[in-house]
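Colleague: The whole structure should be built from the sequences, with the hints applied where relevant.
The listed protein sequences correspond, in order, to chains C and W.
If you count the first sequence from 1, position 21 lands on 21 in this note's numbering, and the numbers rise without skipping.
If you count the second sequence from 1, position 4 lands on 4 in this note's numbering, and the numbers rise without skipping.
Source of the hints: derived by calculation from the structure; they are not laboratory data.
All values derive from a computational prediction rather than experimental measurement.
There's no promise every hint is true.
Not the full set, but computed from the structure, chain C residues with beta-carbon under 10 Å of chain W [as the list claims (entries may be wrong)]:
(1) A227
(2) E229
(3) P304
C-beta atoms are modelled at their ideal positions from N, C-alpha and C, and glycine is treated no differently.
Letter by letter, the chains look like this.
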Amino acid sequence: MKLRLAAVVAACLALGGCGNKQDIDKSAQYGPSPTLPEPSRGLLPRVNVPKVVGWSDGATPTVPQGFRIEAIATGLSSPRNVYPLDNGDLLIIESRKDAKEPVERPKRPVMAWVEARAHGGSDRGAPSNRILLLHVGDGTAPGTPTVLVDNLTSPFGVVVVGNALYVADTDAILRFPFSVGQTKVSGPGEKVVDLPAGAINHHWTKSLTARPDGSKLYVGVGSNSNAMERGMEAETNRAAILEVDPANGSFQVFASGLRNPNGLTFYPGSDTLWTVVNERDELGPNLVPDYMTSVKRGGFYGWPYSYWGPLPTTSAIRCGGSPQAEDAPFSRVAGA
Amino acid sequence: MAEITTHSNRRAASAAGPIYLLLFPIPVVCFLGALATDTAYRSSALLMWLHFSEWLIAAGLAFGALAALVLLIEFVGSRAIRRGRTGWAHLALFYATLIVELLNAFIHSIDGWTAVVPTGLTLSIIGAVLALGAVGALFFVPVTWVALREAGT
Chain C
1 MKLRLAAVVA ACLALGGCGN KQDIDKSAQY GPSPTLPEPS RGLLPRVNVP
51 KVVGWSDGAT PTVPQGFRIE AIATGLSSPR NVYPLDNGDL LIIESRKDAK
101 EPVERPKRPV MAWVEARAHG GSDRGAPSNR ILLLHVGDGT APGTPTVLVD
151 NLTSPFGVVV VGNALYVADT DAILRFPFSV GQTKVSGPGE KVVDLPAGAI
201 NHHWTKSLTA RPDGSKLYVG VGSNSNAMER GMEAETNRAA ILEVDPANGS
251 FQVFASGLRN PNGLTFYPGS DTLWTVVNER DELGPNLVPD YMTSVKRGGF
301 YGWPYSYWGP LPTTSAIRCG GSPQAEDAPF SRVAGA
Chain W
1 MAEITTHSNR RAASAAGPIY LLLFPIPVVC FLGALATDTA YRSSALLMWL
51 HFSEWLIAAG LAFGALAALV LLIEFVGSRA IRRGRTGWAH LALFYATLIV
101 ELLNAFIHSI DGWTAVVPTG LTLSIIGAVL ALGAVGALFF VPVTWVALRE
151 AGT
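Modeller: Spelled out as structure tokens, the structure:
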């Protein structure tokens, strides 16, 4: 009996533990029509947890031919975003989420433990949630950044429009009087609009950009769950890009069904907004590639009813609504 | 004579001991509860019921593992329990329950509808039937079975 039990347990572990690495050619998942195999799941989600090794001294990521890479600032604490100013200086946004998500399922603490292993060292305790200014100069020697704005609430997106620096904290967009060249913002932040945050606040990074004419701000608000497993109410104004009028703080949903939109950018010289979208988890090691897409006003991009546009997901919550993914505009570029 | 033996054997059957008898009902109640909340989720699609099922299965497994350990110790320590076939039946059914519910816990960890329909609910039904079987083996079968054996049939 004991032997049989051991055999069953071993089989369970094997089911959950094997084949967690991507096993199709990575390059087959780049481009506008990637190879998307059937979703797969063992007893446990087939997730490859990378081992954190860090960068040894002098080691760098590799870059394409014609590019050069070197450290220009070190010792930063979770620098999550970098924003170049017109004069070549850089804003470095140090950010982290300190609040813990509520434990509404036994799965959460297990996931938190696994994810902590993948995230590696914690910067907990180091100063964070602030914006640093780095004078790049000729870009050869590492510089020492100075603090431009401090005491923010998990900031992520920033954009300079005229004489204002807009900062997307996790719970609000703030406006600081600022002009390029200043080393300190001149005055306290003024709230433009509240953003969806709340007790869960799962995808907490709020990406931010402005229309080229500066008349509107666009903020990416990620979902509060992987695939709506926290219910519809938790997703109010989430998994969406919001269009904000900075003059009066009014906003509307610009596009929706985007699980976690990040890196919002207007294509240079155009009025076309682009975003990168982090797609859903737990459909196997070969799914789902994240994608980059132009975003149409009023567009619905499928989450949580489907992934990669029209592919229906079997585990979407029954919500009474019908999937509208076939209406979604697809002009995507995949990145596995 | 037969009656006295039955009595002493019944004591042997429930010789599982007070600690075990205190622990064993907890997973049974949890797994039956999970079947009820799974049914509620299937008919309402309210996520609260899915979460209820997950916690009930997790709690059932935690106390079930403890009970399984105590049962193992009782088995090793008591020849009377080992000799009775019902003791073995109880152990097999209870351990099978725990294995099924362990699988069920993994299935219930899926995000959304397919955490319950159809596999999770199916496993909850199987787990509940096995758990009730284990209850039966512990409390009902010994009396009659032992009595029948002692009567010479």
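Colleague: All the hints need checking, so say for each whether the structure fits it.
Modeller: Hint check:
no. : hint : verdict
1   : A227 : holds, 5 Å
2   : E229 : holds, 4 Å
3   : P304 : holds, 8 Å
Violation of the numbered hints given earlier is absent; every hint is satisfied by the structure.
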